[in-house]
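Asker: Residues per chain are reported as follows:
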Amino acid sequence: GQNIDQPTEMTATEGAIVQINCTYQTSGFNGLFWYQQHAGEAPTFLSYNVLDGLEEKGRFSSFLSRSKGYSYLLLKELQMKDSASYLCAVRDQTGGSYIPTFGRGTSLIVHP
Amino acid sequence: DGGITQSPKYLFRKEGQNVTLSCEQNLNHDAMYWYRQDPGQGLRLIYYSQIVNDFQKGDIAEGYSVSREKKESFPLTVTSAQKNPTAFYLCASKGSQLRSGANVLTFGAGSRLTVL
Numbered sequence: 001g002q003n004i005d006q007p008t009e010m011t012a013t014e015g016a017i018v019q020i021n022c023t024y025q026t027s028g029f030n031g032l033f034w035y036q037q038h039a040g041e042a043p044t045f046l047s048y049n050v051l052d053g054l055e056e057k058g059r060f061s062s063f064l065s066r067s068k069g070y071s072y073l074l075l076k077e078l079q080m081k082d083s084a085s086y087l088c089a090v091r092d093q094t095g096g097s098y099i100p101t102f103g104r105g106t107s108l109i110v111h112p
Numbered sequence: 113d114g115g116i117t118q119s120p121k122y123l124f125r126k127e128g129q130n131v132t133l134s135c136e137q138n139l140n141h142d143a144m145y146w147y148r149q150d151p152g153q154g155l156r157l158i159y160y161s162q163i164v165n166d167f168q169k170g171d172i173a174e175g176y177s178v179s180r181e182k183k184e185s186f187p188l189t190v191t192s193a194q195k196n197p198t199a200f201y202l203c204a205s206k207g208s209q210l211r212s213g214a215n216v217l218t219f220g221a222g223s224r225l226t227v228l
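Order-wise, the sequence lines are chains A and B.
Residues 1 to 112 in the numbering used here are what the first sequence spells out, letter by letter.
Residues 113 to 228 in the numbering used here are what the second sequence spells out, letter by letter.
Excised from the complex, chain A in its bound form (with noise of 0.2 Å):
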């Protein structure tokens, strides 16, 4: 199975830059997602990596490194509407099932 460890909580203002980390421990790594959870909501879909270095979209961008089993997602231009818990998630190939494992979440709040 997969170990998965990412902050339980930050705190950042708006308009401002940031970083959440999350690692993970696999032996069939086959990519890293993450989603977005508002309070009481579905989760969606933000970003996937299965390659190392940066995936960017919009104010999101998302980084992997596969020898460091390490992963960011990088929020720019912070809005209050991204308070909400990020969810780190990763698909590992071994049994065949690709299912993917989520991480605890951060919650990220975001203040004027």
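Since the hints were derived computationally from the structure, they do not count as laboratory data.
What you are looking at is a predicted structure, and each value in this text was computed from that prediction instead of being measured.
Each hint can be trusted.
Capping the alpha-carbon separation at 20 Å, the derived lysine to aspartate or glutamate pairs in EDC-like fashion look like this:
#1 B:LYS183 - B:GLU136
#2 B:LYS182 - B:GLU136
#3 A:LYS68 - A:ASP92
#4 B:LYS121 - A:GLU41
#5 B:LYS169 - A:ASP92
#6 B:LYS183 - B:ASP142
Chain A is fixed; fit chain B onto it per the hints.
Answerer: The following block gives chain B in isolation, referenced to the frame of chain A:
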């Protein structure tokens, strides 16, 4: 609009009662999943189904049961054997293939079960 519909959104149950949570999708996705979410625990996989009439246990299947008689439907029954059933339950299906080949999960809005 295509999507996943979960019902009910809120459910209260007395101890010793079984309850069934509904999950319906019109996305024509083959694979469907049930996750449980508790504060500070992230999402944990209960059951999943890759195809109609087939399903597999996830990491925390004890006290739960499922069926997959139709492609569109994947109901979850929380039985009286589940010791701590109060939680937020999320249903998901696997579709939306990215250029890389990976599939993104699409989630329903969730069902919050409270045992009194």
